[in-house]
Amino acid sequence: MQEFLTGVLFITVLSSISLLLLPQEKEDEFLPLVKMAMGIWIIHSITRIFGHSLF
Amino acid sequence: MIPMIESVLGTVLSSFIIVIISTFMALVLDFLFPSFSKWTRTFLFFIVLTVVLFPAYEHLQMIRSITQTVATMFISIYPLLTASILASGGSFSMLNFQPAMLLFANGAVILSDKILIPLLSAAMLFDIISRFHPAVPFSRMADLLRGTLIGLVSALVAAYSIFITAGGTISWALTGVTSEPIKKLISQNIPLVGSFMTDSLGAIGRYSSGASVFIGAWLIVTIWSVALLPTLKTLLTGFLYRWTAALIEPFADEDVTGILDDIGKTLFVLCAVSFLVAFAFIYTALFTVILVKLITAVK
Chain Z
1 MQEFLTGVLF ITVLSSISLL LLPQEKEDEF LPLVKMAMGI WIIHSITRIF GHSLF
Chain A
1 MIPMIESVLG TVLSSFIIVI ISTFMALVLD FLFPSFSKWT RTFLFFIVLT VVLFPAYEHL
61 QMIRSITQTV ATMFISIYPL LTASILASGG SFSMLNFQPA MLLFANGAVI LSDKILIPLL
121 SAAMLFDIIS RFHPAVPFSR MADLLRGTLI GLVSALVAAY SIFITAGGTI SWALTGVTSE
181 PIKKLISQNI PLVGSFMTDS LGAIGRYSSG ASVFIGAWLI VTIWSVALLP TLKTLLTGFL
241 YRWTAALIEP FADEDVTGIL DDIGKTLFVL CAVSFLVAFA FIYTALFTVI LVKLITAVK
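Chain order of the listed sequences is Z and A. Heads up, the first sequence is in my numbering, so the first residue is 1 and it goes up one at a time. Heads up, the second sequence is in my numbering, so the first residue is 1 and it goes up one at a time.
Calculated directly from the structure, the hints in this document are not laboratory data. Just so you know, not all the hints are guaranteed correct.
[As the list claims (entries may be wrong)] Simulated pairs of lysine-lysine, DSS-like, Cα-Cα distance not exceeding 27 Å:
1. A:Lys38 - Z:Lys35
2. A:Lys38 - Z:Lys26
3. A:Lys114 - A:Lys233
Excised from the complex, chain Z in its bound form:
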C-alpha cells in the first residue's frame, strides 16, 4: 500500500515538474508518456498482489 502510494506520488511530482519545464508544444507529446508510466505502475502493483510481477 505504502509503496504504491509512494510510486504514484513520485510519478505525479516528476511529471508535473517536467511539464512545467517543457515548452508548450511538447506538452501534448509528453502527456501520453505520463499516462503510460502511471498505467504500468498501477498494473504492476495489481499483479504484485497476486504474486506475479511485470518486471
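Based on these hints, arrange chain A on the given structure of chain Z.
Only chain A this time, still in chain Z's reference frame:
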C-alpha cells in the same frame, strides 16, 4: 468548551488567512505577469498544501493517538472487568452487561488504527494528486475509499445498536418523539456523516441510560464530553476548511477551492471514525466507574 473553540480557531484560522492572502497575491501576480501563470499556480499549490495539510494531519495524528490509548485501556481493563462481573453475579445483570460488546469495541479500535486511518490518508493523497495533476486523475479512487470507510463505520455502529437494543435496556430520551426534529436537522445539515452521527449518538445514549441509575447524570455528561471532544474538534476544523473554500471561491483557482473542499470532506469521515473510538471509550469508562462504585458500596 469555549477554550476548545478558541484553540481550534487559533491554530486553524491563522493558516487559512495565509491561504486567503496567498491566493489573492497569486491573482495579482497572474495579472502582472501572464506568461508566468503556470509557475504561479504551482507555487500557490505548494504554499496552500504546506499550510493547509498541517491541521488536517494533526487531527489524523490526534485520533490515532487517542485510538491507541483506548486500545491499551481496553486490554488492561478487560480481565479485571470480566473477573469482577463473574464474582458479583446478580448485581450486573441489571446493567445488561454483554461481554461481546467489549470484544466489538476492541475490534473497532484496532480496525480504526490499522485500516481506517491509513485508508483515509491515502484518500487525502489521491485527492491532492488529482487536483495537482488533472491529466492523471484519481478522484474516483478517493471517493470510493471515503465511501467504503463510511459504509464500514456505519455498519459497525448498526451492529452496536442491535446488540444494545436486543438486550432490552431502557430507551433514552434522544430516541423519543421530542428529539426527532433535532435529529432530522442534524442529519440533513452536516454533510456526509450527519445521519450517521445522530444514529450513533442514539446508540450511545441508549446504552448509557441503563447505567445512569448507578452513576448519576453528571458523571455521564462528563464522560460524554471527554469522549466527544476530539470528534467535535475534528468536525469544527472540517467546517472551517469548507468555509474557507466558500470564501475564496470567487477569486481563486478552481483547484485550490477544490482541494480545501476535499480535505474538509476527508475530515468529516475522520469525525465518523472518531465516533467509533469515542463509543468504545464511553463503554469502558462507564463500566469502570460502575465497578468502582460497586466495590465501594459493598464495603
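What are the numbers of the hints the structure violates, in ascending order?
none
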